[in-house]
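Chemist: Chains Y and H, in that order, are what the protein sequence lines are.
Taking this note's numbering, the leading residue of the first sequence gets 1, the next gets one more, and so forth.
Taking this note's numbering, the leading residue of the second sequence gets 423, the next gets one more, and so forth.
No lab work stands behind these hints: they were computed from the structure.
Heads up, a few of these hints could be off.
Stated by the list, open to error - Calculated lysine-lysine pairs in the PhoX-like style (CA-CA distance at most 25 Å, straight line):
#, chain 1, residue 1, chain 2, residue 2
1, H, 752, Y, 136
2, Y, 44, H, 778
3, H, 974, H, 647
4, H, 810, Y, 136
5, Y, 136, H, 647
6, Y, 136, H, 974
7, Y, 137, H, 456
8, H, 778, Y, 137
9, H, 450, Y, 136
What the hints assert, rightly or not - Now the in silico label distances, taken between C-beta atoms and shown as ranges:
#, chain 1, residue 1, chain 2, residue 2, range
10, Y, 76, H, 803, 23 to 31 Å
11, H, 777, Y, 120, 31 to 39 Å
12, Y, 140, H, 959, 26 to 34 Å
13, Y, 112, H, 796, 42 to 50 Å
14, H, 796, Y, 76, 34 to 42 Å
15, H, 573, Y, 278, 52 to 60 Å
16, Y, 117, H, 535, 56 to 64 Å
17, H, 803, Y, 161, 46 to 54 Å
18, H, 550, Y, 252, 41 to 49 Å
19, H, 919, Y, 117, 27 to 35 Å
20, H, 535, Y, 200, 36 to 44 Å
21, Y, 162, H, 777, 39 to 47 Å
All residues carry an ideal CB built from backbone N, CA and C; glycine is no exception.
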Amino acid sequence: MCVKVRRNRILTEFFGGIEMKKILVSFLALTFIFSGCGSAPECKQNQKATPALYEASFVESSGTAETMIKATGLGCTIEEASKEAKKTAIWFILEGGDKPLLKNQAEKMKAVGLAQMMYGNSAKYIRWQSGIKSKKKEGGKLKVTYLLKVASGLMKEELVAAEIIASEEAIAEDIGLPTISVFVDKGGDFAKTAKTVMQEYLQDNSFEVYAAAQQNKVNNIVSKISALEGAATDPMHDMALSLGSDVFVKINYSGGGSGMGTAKASVQVEVFETASGKLLGSTTGYSAERRVTDPNALVQEATNDASAKVISQIKKEWMKMAKKGKPFKVTVLSNPTDGAKVDEAIYGVFKSLTKRPIKRLGGGKSTFSYIVYIKDLPNAYELFMKVKAAYSGPGSLEKVSDTGSFLVFKATSTGEIELTIE
Amino acid sequence: MKRLLVPLMVIVLFCLELSAVADPTVMKSDETQKKYERKAVMGLSDIGFMQNSISIPMNLCRSDKNGYRCSPWNFTVNYPLSYDQKQKAAGTFYDWTITNRFDKIIMQNGQAKMITRNGDSTVKTGEFLPYFTSGTDSLDGFKNRLENYLNSSVKESLGVLLDATVEQRYKELPEKEQETFMVTKAKELGVSADFVRTLINSSYVFAAHVNYIKGSGRVIRKTRKTLDGRTVHYYGIEFDIPVNVTFLIYNYNGEQKKFTLYKKLTAVSGLVSGLTSSFGVIPTHNQVMAVFKDTFQTAVKAAAINANYQLKKDDNFALFMPVNAVDGSKIETDFGVMEDIRVDAPFTIMEMVDGKMQKKGYVRARKVAKNCSADYNKPTIMKITNGKAEQADLLREYPWTGLFFNLGFGMNASLVKGTAGNNDIGGMFLAPGAHLGVSIDLGYSTNTSALSEFYLDIFFQTSVGIDNFKPAGRPIWFGGGLGISKRFYVGAGGFYIAPGVNLAYDGGSTFNDYKLQQFVVNPQLHFGFSISPSFDLVFKGGWNLGFMVQVKDDIGIDRTNNYDLLAMGLTATIDFNFHLPVVGAMAKLYTKPSNVCKGKKK
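For reference, chain H alone in the conformation it holds in the complex (with noise of 0.2 Å):
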């Protein structure tokens, strides 16, 4: 018996390590394999401004044959910012900041309450705090107020919600073995230092305050010929209003129980123009109230969409996730809609080389997980649009509006065919010109797979002829229009196809005096090169289907019949896509994140 109990014994004496305790920071991954974890964000109800109204005097325009004159106008918009208007001001624009990415903080009737990826906490604060009123005031004096009420009652309250958010917000973080033995450790033993560390320092509070609103508006009296040959006046709407927003983000100190400001920023819309045209009579100040109201709507929109774009370029709140798998050109990674990635989301790669982290090339997001719950394990599709990509790379998200400015030079061809009396009166036009606007890929800023690589172009174009024609001479085209393309990426070099089409009216004059107008139907193929997410080079070329709608010679007779409806030719352009991170009235055309998993949630 103690031949066996011996041996026995002594096996278990040299296993006695079993409990050995591990350090938890050891088993996470370094900074090449960085992956974002949640933060915790409060946002405040209502959003601050520096006027009790906004007020913007109209002016009456009129716009004819005599140019364009304005005088005042009888009316001045009053759009006064009662906390109503404040809190749906403050509702637009934390809808882009204070994304999926965030588990949010709400605090009301001495409750506080975690909203996370897996569930709602809610806890008893103990205390009544009132809310914060953002009011009117100056940045200065908003900002003052706000640290004072941060760092009084409020530090408490969220130190309390923290505490006991703790345990949940450690099972959420992304790292899997998370899930499996460091969680198992962690109902053992309670959560490490460290994680309670992170975890209650990465809370924040956002808040907006928005700078001095000096818009523009006027109602603009414009002329035009009926069919039958009368003239009728009708009436648009035109307001300009800029909306700056000064971007605070307070950070929640765990050790010194206190707020800091982490940063600051300030959001801009750009120029946002709101315009209608559709009133035949001189509008009511309903009317134009309502214009106003969509147009001042808009221009916070835009600053919100560029305070996400600024979001994103901060580490702290910028997506970083590990390459799962490739499998060509596509790669698989974690995250989704959870973590606020839209459709087309471009991703930069990038691996340590040689103790340098060195960019690889970029991808974009394709059919986005819709991780609503940490059960769901299917991967965010993306795919390799520059450079290249091996499992473990590492993604960051590129801070991205999805919007171009668009810059391109180019040749019409234009054949014209047309006959006064026994005369040839057509001929060839060949016309450099320039066109100039904005394109927005709608896959991101819909939020569509469908529309997914969908790209609009709005633009202005104008062309001079070199071709010297009798009887009209040289023309000049000046018009604008739309275009939509859809891009498809060939390999991995950033080089894609692009067929599309765009429909213009360009209306033009030629050097003899002759008045055209053609609507312009142009079939395009479209060779690109993005070179990074920020800037492409494309190569257009395309059909010139041109439906003459009016030619008038210089003495004003109509000389449209002599000539056929369609004039054809080649066009062919060299165009260049400067991103912009500011989207002004484009703003119009963003969805708001996805909310797919709002009625998902447990």
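This is chain Y alone, in the form it adopts within the complex (with noise of 0.2 Å):
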């Protein structure tokens, strides 16, 4: 009992020695202290209606109109950030990327306040949103990323609507779809999977693809050409234009196993424009290391990979000649008595259909080849009826074979032409 009693009075006399206001100042004190040190930095939210952060990846192309994209979003909270991903990968399809919608600045000026309504109303343009894939604080913010598919087709719908972007279908009408003929350069039996799987993809696709069949033979009119020319012929070439494609395709395979019985494969694609034979595109499609039972499988894979890249380039090149011409090879025989008078009187009709340089092959003194460009004529045959309209050299002109861009006809007072055509 003793012992209690001594305690409280130490008690006592410790708190009672000290002054009670003294320890309310000092409690106010701490209590500042504390709530200053307490306090984050304030974190501001993007009040604006573009992205805060532009970081975003093309992931795949995973519907006719949809594009899966992984995209950041930076906020203060999980939910800002995640609907700034949103925004960025809305952002990704209009402006980002190799492929984006609004291609020059002109473009993209025009597209504004389209834009904006696109960021604030994210909701209509993302088809489906992962969990997330990544989540960092950086600078007291929040960094979070997803995949996110976003309905690019109707995107690009609203802005043609708006007339922002050039309508696709107004250019294509001056031109329409190459024909396109596809040939196996080198890989057996593996490239010849590859050369079916890329006109599967192009018959698909809607374009008139031109088969070469075992038995077909470079047309005699082509070798013989081909041979006058001089160069060195490629048969690929020479049977491109017995077809009468527009444009031929050469496919290389290459591939093979690795460890863990997985394999790869990869499909050299070259496109070239037949006519000339300019090269128009050239790329390399490749397939993941997979694990696969049939490696056809891979070479698919490949051939796809090759043909989304190539089939880009194709459209490029082909809408420059929407606006340029489209090429058209013309051979013309004679004989050696007409021979320098219709070369003359051709070349000219051809410098009144065209502005751009006439390319002259070598040829004879009774055969001539051009390559001409010339703006809205569909084929050759049209081309032939133009030519003819405005010849004024010796004799008549009979058309001998129009296939495609490749036209060859006859120009002689006396009906003899030097060529022997069997």
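With the hints as a guide, bring the two chains together.
Modeler: Structural data, given as structure tokens:
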């Protein structure tokens, strides 16, 4: 009992010796200090309509009008960062990556209003959102990454409707689609698979594919003309001319197995404009390294990859042609008597049809070949009609063949030509 | 018509990137959202030992007034380590190491079998594989034989099995996209090499080899007095059998088609003492053997629990998972019993801040999802105990056994009331003291939700009185007992309140040679601060209800009747709990990892 009493007295003396006021002041000061220490710097939300961050990458096109994008958003909260990531994905389709919808500054300026509407209404354009793929805090803000499936087709339609980007239909009407032949260069049976896949790919997408059957031989006229031109002949080019395709594709395959039962394939594709022999595009498609029961699946994957890439190049070049004129190879058959005057007259006709330079290929005194670029003419037959109407040289013109962009006709006053065609 | 067709064709032309091929790794989460991916493990059918039998010469000890004396007894425990015994030990060891979080590989009779989360796959390996018999060997000898075995015919068979099961295991990868987009892709085109590599290279062989076992054993004769004053002897059997296991983990390299040693761990049981005190007459040899077997199995289990703990220290085998949702102090996550999450299992909350992974706090599992199949979609619920969490924070499994070493210091007060003639011989005994013992989370050890955050304490305590009361004088107490408490975490600062009760039996003597005995019931309230799952600081306040059983004065006269039955007073202690990775004899309180899914598999 004595001990208890003694202890109570000590406590009373201790607290009694300190002024109450001092305790209060100290308490208030400490409260102030700790409240200052505890407050985190204020996180400011992005008030702009445009994304706060431009970190995004293309993943893949997973549907006819949808594109999978990996996009990162920056925000004070997960919710805000998630919203920002959607804006970033929309921005990527509009302006980012290799194939933005808005291709130049003028289009971007015109699209400002519509783009802001799209950013503000991301739910309309985001078709699917993955779980969070990455979350980091940087400079007090959250960076959150998602996979997002964006309705890129819908966005394109709206931009076209708003006349911000040119209607592709209008451009295409001027020129149509090229006809295409596909040939195997190297790679054995797998290259043949690649050829089949490429042809199917093109056909599935409404291209007109001219397939060379095994028994097909190069047209006699083409052989002879090629021989006359003297250049090293490319059998695939000659076959494409024979078939009448505007464009021809060469395929090379390489690939093989690797560790753990996996294999990969690569398919090299070269695309040429048939008339001029000009290389329109070249790319290599790769499959992922996979475990498969049938390696043809990998060939298909690599070919699809190549096709997707090369189509973009064909598209770009073909659009240029729409503006500058479609190439035609024209061969005129005559004889040594009329040759010089025929050449002069035909050349004059071409000069009146195009402002672009006319390329003369090797020939002789009686056979002449030209590469001409003519606007607004869909095929060689219509070109022949135009030339025939404007022709003022010796004799009259008689069409020998017209295949795609390759035109052969006779021009002679006597009906005789030097080149023997069986 | 042309006007219609041409635009249509061009639209198609412009949409030709339909089949662009994805790089599947792009779709995977980065390290901030890392998810445990199941590993495939093959265990051997038995365990290697360095001895053919365990031989322990027994002592006969006497414990009485004169002290504790031992002399050799006429029995030596001789426990042959037959193949059956080794298989049994392997069963115990692998129950705790090849848990549900692993796909299991079994090879026998020319077949190889993979048991995955959603089913089994069996392939014919085309070769009859002999069993690997661990035998009796030194560690080096065992290791050499094992490596020869693994890198001979086993690697081929394992390769065949892994090849055949890649797609099944691929579909069980945890990323959600695996179940939608990517699996479709894999079905069309085959599983990509990155995933094949991941799956094949995540295959392991677990093997165990027990170091030389040297134990000690004794039969102890103790003496006590009956109520009618007779002196009787009774016998106890006691063994100390520490078991240390070298745990070898081999990794299969898919490119080289070879097993290489990935890790070598030493799993220790700690001191496992098995004892029983229920024999009225000297125990028979069979009774001694029964106690030995039980103690030995407990020691193997203790080593296995330690191996389980050590595996979780390795990022490759520990669980990682993102926080799916946060609701107040509760969070939802994937995974569950199929990843061997036990009730109360702690996890560290982590977040990438300015390029570095930082710890944000801790959570503990409360409701563990019974995710036996892929279509189970209820989350595991965890409680934030320290710090804070938000969606998409990363959880990392905290290596834990749920067992703590407890050390406490405090003050006991006991108001003893008593009269001798007309004299008041009672008083307030104030006794500062200390206690030590172990504290085990019963929720974790038994893996039972109903026992979540119930802690069982086993302790020894001593205190020395500071008040000198006549005629007894200052008491010195020794005793021990059991306590149980239930923690309730308050907020997310690591603070908890735990009501509990201790039951103890104390014996004491005073400076004036009084002999005292009391049975103590001590209801308590704990105010604890769990700084991490490995360390707690606890303030305990309680009310001592001491039932005086015996008071004898300095000349041996029983003075119990002079005192009131109940001696009461306040107790207050400050305790420190330190996590113990070695569980020793407490292994008995651990139940095996959940097998709730065994009956639910398709």
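Chemist: It remains to establish, for every hint, whether it holds in the given structure.
Modeler: Quick rundown of the hints versus the structure:
no.: 1; hint: H:752 x Y:136; result: holds (22 Å)
no.: 2; hint: Y:44 x H:778; result: holds (23 Å)
no.: 3; hint: H:974 x H:647; result: holds (15 Å)
no.: 4; hint: H:810 x Y:136; result: holds (16 Å)
no.: 5; hint: Y:136 x H:647; result: violated (71 Å)
no.: 6; hint: Y:136 x H:974; result: violated (71 Å)
no.: 7; hint: Y:137 x H:456; result: holds (16 Å)
no.: 8; hint: H:778 x Y:137; result: holds (9 Å)
no.: 9; hint: H:450 x Y:136; result: holds (16 Å)
no.: 10; hint: Y:76 x H:803: 23 to 31 Å; result: holds (27 Å)
no.: 11; hint: H:777 x Y:120: 31 to 39 Å; result: holds (33 Å)
no.: 12; hint: Y:140 x H:959: 26 to 34 Å; result: holds (32 Å)
no.: 13; hint: Y:112 x H:796: 42 to 50 Å; result: holds (47 Å)
no.: 14; hint: H:796 x Y:76: 34 to 42 Å; result: holds (36 Å)
no.: 15; hint: H:573 x Y:278: 52 to 60 Å; result: holds (59 Å)
no.: 16; hint: Y:117 x H:535: 56 to 64 Å; result: holds (59 Å)
no.: 17; hint: H:803 x Y:161: 46 to 54 Å; result: holds (50 Å)
no.: 18; hint: H:550 x Y:252: 41 to 49 Å; result: holds (47 Å)
no.: 19; hint: H:919 x Y:117: 27 to 35 Å; result: violated (55 Å)
no.: 20; hint: H:535 x Y:200: 36 to 44 Å; result: holds (42 Å)
no.: 21; hint: Y:162 x H:777: 39 to 47 Å; result: holds (42 Å)
Violation of the numbered hints given earlier is confined to hints 5, 6, 19; the remaining hints are satisfied by the structure.
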